[in-house]
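Asks: Heads up: the sequence lines are chains C and D, in that order.
Residue numbering for the first sequence follows our numbering, starting at 1 and increasing by one per position.
Residue numbering for the second sequence follows our numbering, starting at 1001 and increasing by one per position.
Hints may be right or wrong, so weigh each one.
Claimed, not checked - With a straight-line Cα cutoff of 20 Å, these simulated SDA-like cross-link-like pairs (lysine to any residue) come out:
{"hint": "1", "chain 1": "C", "residue 1": "Lys332", "chain 2": "C", "residue 2": "Val92"}
{"hint": "2", "chain 1": "D", "residue 1": "Lys1083", "chain 2": "D", "residue 2": "Gly1036"}
{"hint": "3", "chain 1": "C", "residue 1": "Lys168", "chain 2": "C", "residue 2": "Gly189"}
{"hint": "4", "chain 1": "C", "residue 1": "Lys205", "chain 2": "D", "residue 2": "Ser1060"}
{"hint": "5", "chain 1": "D", "residue 1": "Lys1083", "chain 2": "D", "residue 2": "Leu1115"}
{"hint": "6", "chain 1": "D", "residue 1": "Lys1006", "chain 2": "D", "residue 2": "Gly1036"}
{"hint": "7", "chain 1": "D", "residue 1": "Lys1332", "chain 2": "D", "residue 2": "Ser1060"}
{"hint": "8", "chain 1": "C", "residue 1": "Lys205", "chain 2": "D", "residue 2": "Arg1059"}
{"hint": "9", "chain 1": "D", "residue 1": "Lys1006", "chain 2": "D", "residue 2": "Ala1026"}
{"hint": "10", "chain 1": "D", "residue 1": "Lys1205", "chain 2": "C", "residue 2": "Lys83"}
{"hint": "11", "chain 1": "D", "residue 1": "Lys1205", "chain 2": "C", "residue 2": "Met129"}
{"hint": "12", "chain 1": "C", "residue 1": "Lys83", "chain 2": "C", "residue 2": "Val30"}
{"hint": "13", "chain 1": "D", "residue 1": "Lys1205", "chain 2": "C", "residue 2": "Gly189"}
{"hint": "14", "chain 1": "D", "residue 1": "Lys1205", "chain 2": "C", "residue 2": "Val58"}
{"hint": "15", "chain 1": "D", "residue 1": "Lys1332", "chain 2": "D", "residue 2": "Glu1315"}
{"hint": "16", "chain 1": "C", "residue 1": "Lys205", "chain 2": "D", "residue 2": "Leu1254"}
{"hint": "17", "chain 1": "C", "residue 1": "Lys332", "chain 2": "C", "residue 2": "Glu311"}
{"hint": "18", "chain 1": "D", "residue 1": "Lys1006", "chain 2": "D", "residue 2": "Trp1023"}
{"hint": "19", "chain 1": "D", "residue 1": "Lys1006", "chain 2": "D", "residue 2": "Leu1115"}
{"hint": "20", "chain 1": "D", "residue 1": "Lys1006", "chain 2": "D", "residue 2": "Lys1205"}
{"hint": "21", "chain 1": "C", "residue 1": "Lys332", "chain 2": "C", "residue 2": "Met129"}
Unchecked claim - Derived CB-CB ranges, DEER-like:
{"hint": "22", "chain 1": "C", "residue 1": "Arg298", "chain 2": "D", "residue 2": "Glu1322", "range": "52 to 62 Å"}
{"hint": "23", "chain 1": "C", "residue 1": "Glu256", "chain 2": "D", "residue 2": "Asp1202", "range": "15 to 25 Å"}
{"hint": "24", "chain 1": "D", "residue 1": "Pro1255", "chain 2": "C", "residue 2": "Asp85", "range": "27 to 37 Å"}
As the list claims (entries may be wrong) - Computed list of chain D residues with no C-beta within reach of chain C, every gap over 10 Å:
{"hint": "25", "residue": "Lys1006"}
{"hint": "26", "residue": "Val1028"}
{"hint": "27", "residue": "Arg1059"}
{"hint": "28", "residue": "Ser1060"}
{"hint": "29", "residue": "Arg1112"}
{"hint": "30", "residue": "Ala1118"}
{"hint": "31", "residue": "Arg1170"}
{"hint": "32", "residue": "Glu1185"}
{"hint": "33", "residue": "Glu1272"}
{"hint": "34", "residue": "Tyr1283"}
Simulated from the structure, these hints should not be mistaken for lab results.
Small disclaimer: the values here were computed from a predicted structure and weren't measured.
A virtual CB, placed ideally from N, CA and C, is assigned to each residue, including glycine.
Number of protein chains: 2
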Amino acid sequence: MPTYSKEVRLAQRPEGYPDSSTWDVAEVEVPEPGPGEFVVRVELISLDPAMRGWLNDVRSYVPPVGIGEVMRALAAGTVTASKHDGYAVGDVVSGTFGVREYAVSDGAGVSRLDLDRAPMETWLGALGMPGMTAYFGLTDVGAVAPGDTVLVSAAAGAVGSIVAQLAKARGCRVIGVAGGQEKAEWLRGLGLDAVIDRREGDLLKQVRTAAPDGVDIYFDNVGGELLDAALANLARGARVVLCGAVSAYNEESLPEGPRRYMSLLVFRARMEGFVVFDYRDRYGEAVDAIAGLIDEGRLVAAETVLDGGVEAFPEALLGLFEGVNTGKLLLKV
Amino acid sequence: MPTYSKEVRLAQRPEGYPDSSTWDVAEVEVPEPGPGEFVVRVELISLDPAMRGWLNDVRSYVPPVGIGEVMRALAAGTVTASKHDGYAVGDVVSGTFGVREYAVSDGAGVSRLDLDRAPMETWLGALGMPGMTAYFGLTDVGAVAPGDTVLVSAAAGAVGSIVAQLAKARGCRVIGVAGGQEKAEWLRGLGLDAVIDRREGDLLKQVRTAAPDGVDIYFDNVGGELLDAALANLARGARVVLCGAVSAYNEESLPEGPRRYMSLLVFRARMEGFVVFDYRDRYGEAVDAIAGLIDEGRLVAAETVLDGGVEAFPEALLGLFEGVNTGKLLLKV
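Kindly generate the complete structure, drawing on both the sequences and the hints.
Replies: The structure is reproduced here in structure tokens:
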């Protein structure tokens, strides 16, 4: 067993895209668990768009990562030492362990992973935060109903790919938006009713063509031009589910807002934001629903796993914003 | 009885603010009612921000006014001739009679006004469209509850003044925003808990000071900077009721959207639009509630009545956008 653990710390707050000056890689001794604690060898680190927001010194639903602190990250791994009654050596767990090789935990926010039910990758994707976000955003905030026309942004991404497939399973007509022909092809293979390649431009027209009767639910992970295109093409009583605005996360100033927001009035529609943690008491319901669809072969849990260990984290995060992934993006430690 | 009736027609679509080239004033013969029709002598014409939108050749919840057509307007008056079984000479009615001295009607969309219950002015204000808009926007879209902090834009205007007073009657803490010290003083006299004079600038800071625990309901008649200031200061689970965007109605291009819309995510809040006509089956409920509060002395139905007849309509409409009115703005014919 190694005695040193590498970790990635926030060196300074980035303006725009993070670069090499944003991060420090350090080595520390592998921690010993104190009473009521255990140590996890981190095996997979989750790359999430929300990470960019955690780097800004602004009030949000979680505090920012402090300068000099280990970068916050969801991760999964195996318990290697324990003085905690609830966790034994060999247990496989997920939690907010951070971008590091070994983490110490008191069990707060930690979940035990059943690898007989699904592999570790899926517990960070379709059965993890992205899956929970997709499920509660679509069912609770979006109030999805059979027959709805559902437009999904970043549909080949971690959240979008689950939203799109859940909506299909609920009897909706589903339109996915993705960047590039390869992803578009992949989405068609998942059975979506229409696919928009955002690189082909004129999103307003593309959405109108794909949804001539209007969009009942727009699941927004990206903001920007696509949000305006969706607002211009709503159906009466539509729901715009605000999940993210990845197009803006690396902007140096507050980007323009949705110019067509008054469409909400014309179409008697609503735009609503949510934070998945508010649904934590109901995660079991979502896991059962999604795992059930996976078992029935009706939902594909896709992951893109990068190699390179924690040192590769800075590049992996940029890859996320470039859209290198299909499905959930993970970094193997 | 006069034999000629003046009317104001749309001569050409304005860019920006309407001016003298926008309108034609014409004289036509006073119409005779056909079978199933009656004629109304128009006595009061309602000036509404929505009128500006009706001048644009764009899809909305009602079709635009056509070039050469009489300007659409809600109005009230007295029946002077009738071949309609439901209406007799002397009946006092309101309807979409247009900017004209005499209108012919088949009764569609016409309401009989009970002048024993309230004066004609009030039937176009607190008990008319503005009152209905205030009531259903606050209760149904805003889901108002006792203890809510309610921020009201254009609070000295036709809709805003009713929203503010209804919210007070429902046990809310009410903050009104208005332009100028005179209106601010008037709002304080209505019993509002705090008043913001938008001419004093830095709306974001003024809202934060007036609502340190955040805004539960923002009733938006104006859009623009105040919408962003409200979004930055929401309480968790807040509702932004989109009723109008008067700050943008005379813009020549689509104005910027609300830059801070992602606050809806941080605060788990929603922004929802509505059109009052959707609630027409429940107008009676709103009239009873508002008339009851008036009778109890708990709600002031304010109107500003301009003189000058239909020829004064172009100037009166500009006055509306300048905010010459306290309460409902009406033009006396």
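Asks: Decide, hint by hint, whether the structure agrees.
Replies: Now the hints, each set against the structure:
no., hint, in the structure
1, C/Lys332 with C/Val92, "holds, 15 Å"
2, D/Lys1083 with D/Gly1036, "holds, 5 Å"
3, C/Lys168 with C/Gly189, "holds, 13 Å"
4, C/Lys205 with D/Ser1060, "holds, 19 Å"
5, D/Lys1083 with D/Leu1115, "violated, 23 Å"
6, D/Lys1006 with D/Gly1036, "violated, 24 Å"
7, D/Lys1332 with D/Ser1060, "violated, 29 Å"
8, C/Lys205 with D/Arg1059, "holds, 16 Å"
9, D/Lys1006 with D/Ala1026, "holds, 6 Å"
10, D/Lys1205 with C/Lys83, "violated, 50 Å"
11, D/Lys1205 with C/Met129, "violated, 35 Å"
12, C/Lys83 with C/Val30, "holds, 15 Å"
13, D/Lys1205 with C/Gly189, "violated, 51 Å"
14, D/Lys1205 with C/Val58, "holds, 17 Å"
15, D/Lys1332 with D/Glu1315, "holds, 13 Å"
16, C/Lys205 with D/Leu1254, "holds, 18 Å"
17, C/Lys332 with C/Glu311, "holds, 11 Å"
18, D/Lys1006 with D/Trp1023, "holds, 13 Å"
19, D/Lys1006 with D/Leu1115, "violated, 26 Å"
20, D/Lys1006 with D/Lys1205, "violated, 49 Å"
21, C/Lys332 with C/Met129, "holds, 18 Å"
22, C/Arg298 with D/Glu1322: 52 to 62 Å, "holds, 60 Å"
23, C/Glu256 with D/Asp1202: 15 to 25 Å, "holds, 21 Å"
24, D/Pro1255 with C/Asp85: 27 to 37 Å, "violated, 60 Å"
25, Lys1006, "holds, 33 Å"
26, Val1028, "holds, 33 Å"
27, Arg1059, "violated, 8 Å"
28, Ser1060, "violated, 6 Å"
29, Arg1112, "holds, 29 Å"
30, Ala1118, "holds, 28 Å"
31, Arg1170, "holds, 21 Å"
32, Glu1185, "holds, 31 Å"
33, Glu1272, "violated, 4 Å"
34, Tyr1283, "holds, 17 Å"
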